[in-house]
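Spelled out from the first residue to the last, the chains are:
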Amino acid sequence: MSINSKYQAVIGLEVHAQLSTKTKIFCGCSNKFGSAPNSNVCPVCLGMPGVLPVLNKEVVEYAIRLGLAVNCSITTKSIFARKNYFYPDLPKGYQISQYEEPICRNGFVDIELADGTKRRIGITRIHMEEDAGKSIHDAGSETLVDVNRCGTPLLEIVSEPEMHSAEEAGKYLFAIWQTVKYLGICDGNLEEGSLRCDANVSVRMKGETKLGTKTELKNMNSFRNVERAIEYEIARQIEVIEEGGTIIQQTLLWNAEKNIAAPMRSKEEAHDYRYFPDPDLVPVLVNDEWINAAAQNLPELPAKRKVRFITEYLLPEYDAEILTQERTTADFFETTLTGLTKKNPETYKAASNWVMNDVLRVMNEGKTIHPEHLSSLINAIQSGTISGKIAKEVFEEMSATHESPEIIIKKKGLVQISDTGAIEKEIESILAKFPNEIARFKSGEAKLMGFFVGETMKVMKGKGNPKIINEILAKKLKN
Amino acid sequence: MAITKNDVEHIAKLAKLEFSDEEKEKFTHQFNDILKYIEQLNTVDTSNVEPLTQVIELHNAFRADEVKPSTPTSEALKNAPDKTDEYFKVPKVIGS
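Residue numbers (this note's numbering), protein chains in the order written: chain F, 1 to 479; chain A, 1 to 96.
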């Protein structure tokens, strides 16, 4: 038994999702990422005295959507609070957040681990708040501050501390990522920080019910880093305890290059936020009518869509999983299906293969493909106009030029040759060139069939109908 | 619950303010006097009263998600004691 199996890790995640609303949470400044520094600012988000924040209704709408998607109850009367601390990227000296009455409470997401174990992870609360600005520390002896991000709407999603491994935390984060993307409320870009994850990690002896001292991990800007940082921190805490030490409650920053989590060194250490209700903002009342309308507008969520793909299109679970990971992929797939002339499990599976292997690949390369064009391509294979091999060539051309497969096939003369007479003529000349191989084939080297097919294809520049080539070859070689 | 000098020092630290010993003593007394005065409210029975979070009897004051013009960067930076063309400049915050 290893040392690690004596211990149980306890992990809770705080995920911040930047909302993709047009404007900030409390003012009409643009919420666009990547604008020139300090250009999307106004007296409200600059924290000038005497200004009044006014809540963006869309933020509440997004919060309700997310709450419903992760099985939360929506708070009928929710209020805003001030979280007080001094930091240069927070011009007001307080962050407007929610404390006592968050908009959503008591939800959960279901996750499945690599070994098939299913777990339900509780969500304590989801609250609305504003983001802080951005400090740039690597500019000489001073810190530069960009206030553009101040007032960017955030939803903070707080899990129950009930995950026990880095894998569980990774799967939970993935579920949140997937959900916000399906809902279209956040672009989910971990690298750019539009979805951020902090982890509270502690360890305790197995069987112990009291929580150990926790540390907070920050600065993990990819799924991989979240898992690596948590693994690192669990191992570190166990080592400290094994050596007779105690865990110090502190914030650690993950350093992805060095593969370590180091204590955050900041001149701001006092964490005493002195929350109190923000007198500038009035309560948010959400009635059943609002909740029902939001529920009706929810898209089909990934778990449900996956099951439907399996039952409706008879796809393997693996395919359904890959296709529904992102809404854009699932939408692409289903749009492709609507354009198929033959709709049956065979063509559905063909479409699935194209999307999983080729569409996702070219999309990752930053290229685009029209689903209608993929439908046409699959139709062309089905009707025998082109072979599967030529189709790959057409596909690459499609992603490069965005032309329809019909045009590409015509332009490049790729129509499949299914004329038996023409194929037979080519085969006869091939066979005349390889008497030795024919002899070897006839004496039992069956694998040479592939050689003859290949040679014929070569001469026909890949346009020969492989089915007919095989048939004719088989007939000829039998004699 | 009486306020001690330690509490005053803590609050001063949170507010990024520094005081002399004399001032701290004075504030300790003043804090206690204020709290004692406010404590009179504790004599009222509020067991059946919902906590008040807002004195204005309004709710759902919303804004539509429509972009309004922002302040030009030069205007935004105008009052800053130290700045570049695009940024506010502050003393380094991360200790090295």
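A portion of the hints provided could be inaccurate.
Unchecked claim - Chain A residues, not near chain F, derived (Cβ > 12 Å throughout):
| no. | residue |
| --- | --- |
| 1 | SER20 |
| 2 | LEU35 |
| 3 | ASN48 |
| 4 | LEU58 |
| 5 | SER70 |
As the list claims (entries may be wrong) - Derived coverage of chain A by chain F (criterion: at least 3 residues anywhere in the stretch with Cβ under 8 Å from a Cβ of chain F; other residues may be distant):
| no. | segment |
| --- | --- |
| 6 | 51–57 |
| 7 | 60–68 |
| 8 | 73–87 |
To be verified - The list that follows gives simulated cross-link-like pairs (lysine-lysine, DSS-like), each with its CA atoms no further than 25 Å apart:
| no. | chain 1 | residue 1 | chain 2 | residue 2 |
| --- | --- | --- | --- | --- |
| 9 | F | LYS57 | A | LYS83 |
| 10 | F | LYS433 | F | LYS447 |
| 11 | F | LYS411 | F | LYS458 |
| 12 | A | LYS13 | A | LYS36 |
| 13 | A | LYS89 | F | LYS134 |
| 14 | F | LYS463 | A | LYS26 |
| 15 | A | LYS36 | F | LYS92 |
| 16 | A | LYS78 | F | LYS134 |
| 17 | F | LYS92 | A | LYS83 |
| 18 | F | LYS92 | F | LYS57 |
| 19 | F | LYS367 | F | LYS433 |
| 20 | F | LYS392 | F | LYS433 |
Derived by calculation from the structure, the hints in this document are not laboratory data. Where a beta carbon is used, it is the ideal one built from N, C-alpha and C, also for glycine.
To see whether the hints hold, each was checked on the structure:
With a cut of 12 Å on Cβ distances, SER20 (chain A) stays outside the contact zone with chain F, its closest approach being about 21 Å. Under the 12 Å C-beta cut-off, the non-interface status given to LEU35 (chain A) relative to chain F holds; the minimum distance is some 15 Å. The Cβ of ASN48 (chain A) sits about 18 Å from the closest Cβ of chain F, beyond the 12 Å cut-off, so the non-interface label holds. Non-interface status of LEU58 (chain A) relative to chain F is broken: a Cβ of that chain comes within 12 Å, the nearest being about 5 Å off.
The beta carbon of SER70 (chain A) is not kept farther than 12 Å from every beta carbon of chain F, the shortest such distance being approximately 5 Å. Here's how the segment 51–57 of chain A fares: 4 of its residues keep a CB closer than 8 Å to some CB of chain F, so the rule of at least three is met and the hint holds. Residues of the segment 60–68 of chain A lying with their CB closer than 8 Å to a CB of chain F number 9, which satisfies the three-residue condition for coverage. With 7 residues having a Cβ less than 8 Å from any Cβ of chain F, the segment 73–87 of chain A passes the three-residue criterion, so the hint holds.
Between the alpha carbons of LYS57 (chain F) and LYS83 (chain A) the distance comes to roughly 34 Å, so the proposed pair goes past 25 Å and is violated. Between LYS433 (chain F) and LYS447 (chain F), the direct Cα distance comes to roughly 18 Å. Compliance with the 25 Å bound is thereby established for this hinted pair. Between LYS411 (chain F) and LYS458 (chain F) the CA atoms are separated by roughly 20 Å; this keeps the pair inside 25 Å, and the hint holds. For a cut-off of 25 Å, the pair hint linking LYS13 (chain A) to LYS36 (chain A) stands: about 23 Å separates their Cα positions.
A threshold of 25 Å between alpha carbons decides the hint, and for LYS89 (chain A) with LYS134 (chain F) the separation of about 12 Å falls inside it, so the pair holds. Distance hint between LYS463 (chain F) and LYS26 (chain A) is unfulfilled; the C-alpha atoms sit about 95 Å from each other, more than 25 Å. For the proposed pair LYS36 (chain A) and LYS92 (chain F), the alpha carbon gap of about 30 Å is over 25 Å, so the pair is violated. Between LYS78 (chain A) and LYS134 (chain F) the alpha-carbon distance is near 19 Å, which keeps this suggested pair within the 25 Å criterion.
Note on LYS92 (chain F) and LYS83 (chain A): the hinted pairing holds, with a Cα-Cα distance of about 18 Å set against a maximum of 25 Å. A C-alpha spacing of about 22 Å is found between LYS92 (chain F) and LYS57 (chain F), which places the hinted pair at or below 25 Å, so the restraint holds. The straight-line distance between the Cα atoms of LYS367 (chain F) and LYS433 (chain F) is roughly 44 Å, outside the 25 Å bound, and the hint therefore fails. Proximity of LYS392 (chain F) to LYS433 (chain F) is assessed by CA-CA distance (about 30 Å); at most 25 Å being required, the pair is judged violated.
Violation of the numbered hints given earlier is confined to hints 4, 5, 9, 14, 15, 19, 20; the remaining hints are satisfied by the structure.
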